[in-house]
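Read top to bottom, the protein sequences are chains A and B.
In terms of the numbering used here, the first sequence is residues 2 to 115.
In terms of the numbering used here, the second sequence is residues 2 to 115.
Hints were generated in silico from the structure; no laboratory data involved.
Only a predicted model underlies this, so the values are computations on that prediction, with no experimental measurement involved.
Don't take every hint at face value.
In silico DMTMM-like links for lysine to aspartate or glutamate, alpha-carbon gap of 20 Å or less [as the list claims (entries may be wrong)]:
| no. | chain 1 | residue 1 | chain 2 | residue 2 |
| --- | --- | --- | --- | --- |
| 1 | B | Lys100 | B | Glu114 |
| 2 | B | Lys3 | A | Glu114 |
| 3 | B | Lys100 | B | Asp63 |
| 4 | A | Lys3 | B | Asp33 |
| 5 | B | Lys3 | A | Asp63 |
| 6 | A | Lys3 | B | Glu114 |
| 7 | B | Lys3 | A | Asp17 |
Some chain A residues near chain B, calculated using beta-carbon distances under 7 Å [said to hold, decoys possible]:
| no. | residue |
| --- | --- |
| 8 | Asp33 |
| 9 | Gly36 |
| 10 | Pro38 |
| 11 | Ser61 |
| 12 | Ala73 |
| 13 | Trp108 |
All residues carry an ideal CB built from backbone N, CA and C; glycine is no exception.
2 protein chains.
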Amino acid sequence: MKAALQAYVDGFNAGDPAVVVALFADDATIEDPVGNPPITGRDAIAEFYANNVASGAKLSLDAPIRGSHGNAAAMAFTVEMPNMRIRVIDVMTFGDDGKISTMRAHWGPADIES
Amino acid sequence: MKAALQAYVDGFNAGDPAVVVALFADDATIEDPVGNPPITGRDAIAEFYANNVASGAKLSLDAPIRGSHGNAAAMAFTVEMPNMRIRVIDVMTFGDDGKISTMRAHWGPADIES
Numbered sequence: 002m003k004a005a006l007q008a009y010v011d012g013f014n015a016g017d018p019a020v021v022v023a024l025f026a027d028d029a030t031i032e033d034p035v036g037n038p039p040i041t042g043r044d045a046i047a048e049f050y051a052n053n054v055a056s057g058a059k060l061s062l063d064a065p066i067r068g069s070h071g072n073a074a075a076m077a078f079t080v081e082m083p084n085m086r087i088r089v090i091d092v093m094t095f096g097d098d099g100k101i102s103t104m105r106a107h108w109g110p111a112d113i114e115s
Numbered sequence: 002m003k004a005a006l007q008a009y010v011d012g013f014n015a016g017d018p019a020v021v022v023a024l025f026a027d028d029a030t031i032e033d034p035v036g037n038p039p040i041t042g043r044d045a046i047a048e049f050y051a052n053n054v055a056s057g058a059k060l061s062l063d064a065p066i067r068g069s070h071g072n073a074a075a076m077a078f079t080v081e082m083p084n085m086r087i088r089v090i091d092v093m094t095f096g097d098d099g100k101i102s103t104m105r106a107h108w109g110p111a112d113i114e115s
């Protein structure tokens, strides 16, 4: 799970959304930020990451990625954009196939610095 | 929610488990680490924090606490113990009364340093 999250960060920062999308299950859901309606499925996830990578944002880990004793892993990072930063904690859960089944991004208005 | 998580860290580090326990709803659940059977209810939670605080562990935030656009907040921290460290990400959800309703602690065997 930690390797998948590291591949997520690396693929994102390499400007390669396909690498990121390939980490997800076909019917995965993304709730980013937590509190927004989730998006579901490979097409919606591909569009989401294409847009985010195209924005020029880069991800910088704030601390080592955490695993668990179950099917979840988590990471604290900062999204660096040209004119702002967002401090985020992502929690991903995984299916038996090793693919990400859910992603939830914890950040709110007060986690944005401009 | 961020103030509650900061109070959690401060109460824990002050050696005052009652401060921590008071942040939780009466029927709250704790899954620590994620993958373990949850514990439920004020008595079990009080025992859990009494034991943890008594161990001499201290919590050190690795990055600013994150909020969300929903009912969740999250924080990355390191548990400092006399002979080891555990890197953890906690995610708490909150009820309408502002009390913590669920706590999930993300850490695994590879997040322990001795």
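Here's how the hints hold up against the structure:
{"no.": "1", "hint": "B:Lys100 to B:Glu114", "verdict": "violated, 32 Å"}
{"no.": "2", "hint": "B:Lys3 to A:Glu114", "verdict": "holds, 16 Å"}
{"no.": "3", "hint": "B:Lys100 to B:Asp63", "verdict": "violated, 24 Å"}
{"no.": "4", "hint": "A:Lys3 to B:Asp33", "verdict": "holds, 18 Å"}
{"no.": "5", "hint": "B:Lys3 to A:Asp63", "verdict": "holds, 18 Å"}
{"no.": "6", "hint": "A:Lys3 to B:Glu114", "verdict": "holds, 16 Å"}
{"no.": "7", "hint": "B:Lys3 to A:Asp17", "verdict": "violated, 34 Å"}
{"no.": "8", "hint": "Asp33", "verdict": "violated, 10 Å"}
{"no.": "9", "hint": "Gly36", "verdict": "holds, 3 Å"}
{"no.": "10", "hint": "Pro38", "verdict": "violated, 11 Å"}
{"no.": "11", "hint": "Ser61", "verdict": "violated, 11 Å"}
{"no.": "12", "hint": "Ala73", "verdict": "holds, 5 Å"}
{"no.": "13", "hint": "Trp108", "verdict": "holds, 5 Å"}
Checked against the numbered hints listed earlier, the structure breaks hints 1, 3, 7, 8, 10, 11; every other hint is satisfied.
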